[in-house]
Amino acid sequence: MEERNKTEQENINNKEGSSEEKKSNTPNKLSRRSVLKALAGLPVAGLFGFELYKKIDYERNKRSKIIRVLGLDKIDFQVPDYGNGKEKDLIRIGIIGFGVRAVQISDALGFIHPIMFEMKKRNNTLSSWLEQENLHVAITGICDVFDQHAENGITIAQNNFRPEVAQLPVKRYHTYHEMLADNNIDAVIIATPDHHHARIAIDAAKAGKHVYLEKSVALTEEELNELYDVVKNSNITFQLGHQITQSTVFKQAKEIINKNILGKITLIETTANRNTADGAWIRHLDRQGNVKPGDEKSIDWKQWLGNAPYVPFSIDRFYNWTKWFDYDHGMINQLFSHDFDAVNQLLRIGIPKSVSSSGGIYYWKDNRDIPDSLHCVFEYPQHDLTLLYSGNLASSRSRGRVFMGHDASMELGNDIKITIDQNSTQYKDGISKGILDTGSPIMSFNQNAGKIDAVTSASEKYYADKGLTNTVIGGKQVDVSHLHLREWLDGIRENKTTSCNIDIAYEEGITCIMAHRSYIEKRQVFWDKENKKII
Amino acid sequence: MINETSYSKRQLIYLLILRFAIGWHVLYEGMAKVLNPEWTSYGFLQEFQGIMSGISQWILSNPQVLDTVDFLNTWGLVLIGLGVIFGFLFKPAAIAGSVLIFVYYLSTPPLIGFEYSLPADGNNLIINRVLIESIALLGLALFPTNKIFGLDFFMQSFLKRKGRNGRKK
Numbered sequence: 001m002e003e004r005n006k007t008e009q010e011n012i013n014n015k016e017g018s019s020e021e022k023k024s025n026t027p028n029k030l031s032r033r034s035v036l037k038a039l040a041g042l043p044v045a046g047l048f049g050f051e052l053y054k055k056i057d058y059e060r061n062k063r064s065k066i067i068r069v070l071g072l073d074k075i076d077f078q079v080p081d082y083g084n085g086k087e088k089d090l091i092r093i094g095i096i097g098f099g100v101r102a103v104q105i106s107d108a109l110g111f112i113h114p115i116m117f118e119m120k121k122r123n124n125t126l127s128s129w130l131e132q133e134n135l136h137v138a139i140t141g142i143c144d145v146f147d148q149h150a151e152n153g154i155t156i157a158q159n160n161f162r163p164e165v166a167q168l169p170v171k172r173y174h175t176y177h178e179m180l181a182d183n184n185i186d187a188v189i190i191a192t193p194d195h196h197h198a199r200i201a202i203d204a205a206k207a208g209k210h211v212y213l214e215k216s217v218a219l220t221e222e223e224l225n226e227l228y229d230v231v232k233n234s235n236i237t238f239q240l241g242h243q244i245t246q247s248t249v250f251k252q253a254k255e256i257i258n259k260n261i262l263g264k265i266t267l268i269e270t271t272a273n274r275n276t277a278d279g280a281w282i283r284h285l286d287r288q289g290n291v292k293p294g295d296e297k298s299i300d301w302k303q304w305l306g307n308a309p310y311v312p313f314s315i316d317r318f319y320n321w322t323k324w325f326d327y328d329h330g331m332i333n334q335l336f337s338h339d340f341d342a343v344n345q346l347l348r349i350g351i352p353k354s355v356s357s358s359g360g361i362y363y364w365k366d367n368r369d370i371p372d373s374l375h376c377v378f379e380y381p382q383h384d385l386t387l388l389y390s391g392n393l394a395s396s397r398s399r400g401r402v403f404m405g406h407d408a409s410m411e412l413g414n415d416i417k418i419t420i421d422q423n424s425t426q427y428k429d430g431i432s433k434g435i436l437d438t439g440s441p442i443m444s445f446n447q448n449a450g451k452i453d454a455v456t457s458a459s460e461k462y463y464a465d466k467g468l469t470n471t472v473i474g475g476k477q478v479d480v481s482h483l484h485l486r487e488w489l490d491g492i493r494e495n496k497t498t499s500c501n502i503d504i505a506y507e508e509g510i511t512c513i514m515a516h517r518s519y520i521e522k523r524q525v526f527w528d529k530e531n532k533k534i535i
Numbered sequence: 001m002i003n004e005t006s007y008s009k010r011q012l013i014y015l016l017i018l019r020f021a022i023g024w025h026v027l028y029e030g031m032a033k034v035l036n037p038e039w040t041s042y043g044f045l046q047e048f049q050g051i052m053s054g055i056s057q058w059i060l061s062n063p064q065v066l067d068t069v070d071f072l073n074t075w076g077l078v079l080i081g082l083g084v085i086f087g088f089l090f091k092p093a094a095i096a097g098s099v100l101i102f103v104y105y106l107s108t109p110p111l112i113g114f115e116y117s118l119p120a121d122g123n124n125l126i127i128n129r130v131l132i133e134s135i136a137l138l139g140l141a142l143f144p145t146n147k148i149f150g151l152d153f154f155m156q157s158f159l160k161r162k163g164r165n166g167r168k169k
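Top to bottom, those sequences are chains H and Y.
Under this note's numbering, the first sequence has 68 at position 68, and the numbering climbs by one with no breaks.
Under this note's numbering, the second sequence has 5 at position 5, and the numbering climbs by one with no breaks.
Simulated from the structure, these hints should not be mistaken for laboratory data.
Beta carbons: idealized from backbone N, C-alpha and C, even for Gly.
A portion of the hints provided could be inaccurate.
Unchecked claim - Below, computed lysine-lysine pairings styled on DSS-like, alpha-carbon distance capped at 30 Å:
(1) Y:Lys162 x H:Lys37
(2) Y:Lys33 x H:Lys251
(3) Y:Lys33 x H:Lys54
(4) H:Lys37 x Y:Lys91
(5) Y:Lys33 x H:Lys476
(6) H:Lys62 x Y:Lys33
(7) H:Lys433 x Y:Lys33
(8) H:Lys251 x H:Lys120
(9) H:Lys37 x Y:Lys160
(10) H:Lys417 x Y:Lys33
(11) H:Lys65 x Y:Lys33
What the hints assert, rightly or not - Covered by chain H, per the in silico footprint, the following chain Y stretches (three or more residues, Cβ under 8 Å):
(12) 18–24
(13) 27–33
(14) 79–91
(15) 138–151
Model the full assembly from the supplied sequences, consistent with the hints where possible.
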């Protein structure tokens, strides 16, 4: 090493001693020529800087041109008063039905199980959870027919991880009627199996309790009509559990629709693909393959059945109720209802004129009633458009949710992708000038760019891809269910309506019941607008 | 030992062109990431297969580590690019650049049986352009041009003067 340095040193000394360098008087002074040589990188860097500037300028120009052509000058959506720490009146909440969904809702309200607390700590999601706004609620009542679920609910409700959240005693109710009769409950969240939804919501509204109802709204037309009338004639604040409207991406999509960027929309395709037992509602086994807990002693089976036809106790039915038409309508209620809500909230298309559904049980040939391959066509001649739904439980190929317009199409999920149509009229000029490229999405809004979501299971991932889990406010991840509950609670305090109010719920309920009836009756069903009746 | 004073004029011109070309590319790779605040190595790391996949999975599961990796990668590229173009701390810059580019190669080596979701640039079998760039940059470290055509010249003469002054005392 030293030897090499010496050689290099000598070489440089030699160079300095050469005839060219003799102009310099002292050996300590650097010759102009050597200095110029040493700065050889400078012109290259200068050229680089010039080209980089040109490139940045070009990109900025192109972007602003696209934005100008599309009429999207500024897109920035905030929840302006989120997290301002304002004191609000305390609302005492009772939760009816404490299964998986109620655990998620409690989490969104600011209440978690000690085990969950440790889990959040381990997977780095605790701090963002603690930063969630205090909703000023206390869970004071739990009602579940299964002892274990009720006890789990009580542990969660006795939350001591967020000191700013109110602590009130938690009571277990064995029937929902007892809870509704209690003056210590202001509002209820209904997260039972679907066959109880409408009945409990009707009774709650009659008892003057505010209602947050998980989807789906009702299984029959009669129940839905009754619920609609009761809520309309009450002073309660009603919210249906479709949280997508709270997502920033949804607000962006709304702006895109309002600005007519897509042109005339005549076809909307919504899809659902899943390929796991959990996704096909087989959920009575734990990870080790053992049957989950619960028997006739710990479960009030008669109450669980409610108005559904009597069958002997079945752990399969208790955990996998979605599989039977007595308790649910399968993919229509569990999955399509979210898609319908997204479409209806964006376009306000309401109830279709006709629906035809078809499908069958082609893969999960267990004891189920519900199809695992289902396709529904909803016709809206009044809006010049068709809404398609296609669901499959034996393939996880993702097909997305696409709004097809004459000028552009929009894929809406956890992000938005807009692709300009090559035969667009509106953008003909921009396309011919080369400003707009039709070969690939021209704009995409990705709220989660660069951020990682803690998504655990395949079914969770399905919901995340549909924009139903998290959104970003001021750079922070926020649970959309949290925002949806917040909107409901503020609605109660300020006597305001919600984004998923009873009118929206009614349109969705009728549409879903029509799709189900078409599948069962194997015919096209129609909506009689005058008599408000499915025919 | 090969030394830059003993290169022929043509050799020198070739080496300088190669140096400026690679330096330019590396600098722009870095600048493009600086200018795009949404850029992250997330998608890139997801592609990792084989020996590097354990490390990439670890990085991916820790958001803070991912942020650090993104920062170091971006500014590493910028500094290496500047070092190579200006001939400043040239040898360490060229070697670091070569290693960094080699890591990119390892992330998606075109080996038989390895398939990636991102389309490859051209048709490659074991050797691709990323590997060639890594090898070329290492070659530049072995055929340095920085002590005459680089800022390292000033460093060299400064050290030399210091050495002389030291001797005078």
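Against the structure, the hints:
The suggested pairing of Lys162 (chain Y) with Lys37 (chain H) holds, with an alpha-carbon distance near 22 Å, which does not exceed 30 Å. Proximity of Lys33 (chain Y) to Lys251 (chain H) is assessed by CA-CA distance (about 28 Å); at most 30 Å being required, the pair is judged to hold. A distance of roughly 17 Å separates the Cα atoms of Lys33 (chain Y) and Lys54 (chain H); the hinted pair therefore holds under the 30 Å criterion. Taking the CA atoms of Lys37 (chain H) and Lys91 (chain Y), the gap is about 18 Å. The hint holds against a cut of 30 Å.
Using a Cα cut-off of 30 Å, the hinted pair Lys33 (chain Y) and Lys476 (chain H) holds, with the two alpha carbons roughly 22 Å apart. For a cut-off of 30 Å, the pair hint linking Lys62 (chain H) to Lys33 (chain Y) stands: about 19 Å separates their Cα positions. For the hint pairing Lys433 (chain H) with Lys33 (chain Y), the CA-to-CA distance comes to about 29 Å; that is within 30 Å, so the pair holds. For the given pair, Lys251 (chain H) sits about 29 Å from Lys120 (chain H) by alpha-carbon distance, which is consistent with the 30 Å threshold.
The suggested pairing of Lys37 (chain H) with Lys160 (chain Y) holds, with an alpha-carbon distance near 18 Å, which does not exceed 30 Å. Using a Cα cut-off of 30 Å, the hinted pair Lys417 (chain H) and Lys33 (chain Y) holds, with the two alpha carbons roughly 22 Å apart. For the hint linking Lys65 (chain H) to Lys33 (chain Y), the alpha-carbon distance of about 23 Å falls within 30 Å, and the restraint holds. Here's how the stretch 18–24 of chain Y fares: 3 of its residues keep a CB closer than 8 Å to some CB of chain H, so the rule of at least three is met and the hint holds.
Counting residues of the stretch 27–33 of chain Y whose beta carbon lies closer than 8 Å to any beta carbon of chain H gives 3, which meets the minimum of three for the stated coverage. Taking a C-beta to C-beta cut-off of 8 Å, the stretch 79–91 of chain Y contributes 5 residues in contact with chain H, enough for the three needed, and the coverage statement holds. Taking a C-beta to C-beta cut-off of 8 Å, the stretch 138–151 of chain Y contributes 5 residues in contact with chain H, enough for the three needed, and the coverage statement holds.
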